[in-house]
Amino acid sequence: MSIKNSRHGTSDKTCFESPRISVVTPSLNSESFIAEAIDSVLEQHYENFEHIVVDGKSEDRTALILEGYPHLKVISERDKNLYQALNRGIRAVTGDIVYWLNSDDLVPSGVFRRVGKFFLENPRRADVEYMIIHHQCY
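Residue 926 in our numbering sits at position 93 of the sequence shown, with consecutive numbering throughout.
Any given hint might turn out to be false.
Stated by the list, open to error - Here are the computed lysine to any residue pairs in the SDA-like style, where the Cα-Cα straight-line distance is at most 25 Å: (1) LYS913 to SER891; (2) LYS950 to HIS878; (3) LYS913 to ALA896; (4) LYS950 to ASN881.
Claimed, not checked - Label pairs and their in silico Cβ distance ranges: (5) ASN914 to ASP893: 12 to 20 Å; (6) LEU897 to TRP933: 19 to 27 Å; (7) GLU900 to ALA925: 14 to 22 Å; (8) GLY901 to ASP938: 16 to 24 Å; (9) ILE923 to LYS890: 14 to 22 Å; (10) LYS906 to PRO941: 21 to 29 Å; (11) THR927 to LYS950: 16 to 24 Å; (12) ALA868 to GLU954: 30 to 38 Å; (13) ARG947 to ILE923: 20 to 28 Å; (14) ARG894 to TRP933: 20 to 28 Å; (15) ARG957 to LYS890: 37 to 45 Å; (16) GLU880 to ALA925: 33 to 41 Å.
FYI, nobody ran anything at the bench for these hints, they're computed from the structure.
Quantities reported herein were computed from a predicted structural model and do not represent experimental measurements.
Built from N, CA and C at the ideal position, the CB exists for glycine as well.
Kindly produce the complete structure, drawing on both the sequences and the hints.
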């Protein structure tokens, strides 16, 4: 995770708004597990988020599964590797925080609220604190 617009920089949000979390999920032929990854984001019950899935033109049923989630922003383009897909997704984010979620991973319960709270309470330290937050969330 990283902060895109810090509270001390260009953000115009009040200090009581939850920061927007942009989830970026690179995907290729992920039909067996992508629904669980997406559901783990929705189960956060965190309102201020977006979820961008960058699919490398999967040849399985991944695209069909993604259609079942109207909240997703799907970028479907062939890519050279995971990192090219991830960079495409990061360029599309509109949030304050970027959360990289692989298509075969899950977001543990309550992570978005804890991360959002931390970023609100520590706007100048948020860039360097990811590892501490990440490990405390499990």
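To see whether the hints hold, each was checked on the structure:
For the hint linking LYS913 to SER891, the alpha-carbon distance of about 13 Å falls within 25 Å, and the restraint holds. Proposed proximity of LYS950 and HIS878 is supported: the alpha carbons are some 14 Å apart, at most 25 Å. For the given pair, LYS913 sits about 19 Å from ALA896 by alpha-carbon distance, which is consistent with the 25 Å threshold. At most 25 Å may separate the alpha-carbon atoms for a hinted pair to count; LYS950 and ASN881 meet this at roughly 12 Å.
Distance hint check for ASN914 and ASP893: the Cβ-Cβ separation is about 18 Å, which falls inside the suggested range of 12 to 20 Å. Between LEU897 and TRP933 the beta carbons are some 24 Å apart, a value that agrees with the proposed interval 19 to 27 Å. Checking the proposed 14 to 22 Å range against GLU900 and ALA925 shows it holds: the Cβ atoms sit about 18 Å from each other. At roughly 19 Å, the beta-carbon separation of GLY901 and ASP938 lies within the given 16 to 24 Å, and the hint holds.
Range check, ILE923 to LYS890: Cβ separation about 19 Å, and the 14 to 22 Å hint holds. Hint check: LYS906 to PRO941, Cβ distance near 23 Å, so the stated range 21 to 29 Å holds. Checking the proposed 16 to 24 Å range against THR927 and LYS950 shows it holds: the Cβ atoms sit about 21 Å from each other. For the pair ALA868 and GLU954, the supplied restraint of 30 to 38 Å holds, since their beta-carbon distance comes to about 34 Å.
Between ARG947 and ILE923, the C-beta spacing of about 22 Å keeps the proposed range 20 to 28 Å intact. Between ARG894 and TRP933 the CB atoms are about 24 Å apart, so this pair conforms to the stated range of 20 to 28 Å. Checked against the hint of 37 to 45 Å, the pair ARG957 and LYS890 passes, with Cβ atoms roughly 41 Å apart. For GLU880 and ALA925, the hinted distance range of 33 to 41 Å is not satisfied, since their beta carbons lie about 20 Å from each other.
Checked against the numbered hints given earlier, the structure breaks only hint 16 and satisfies all the rest.
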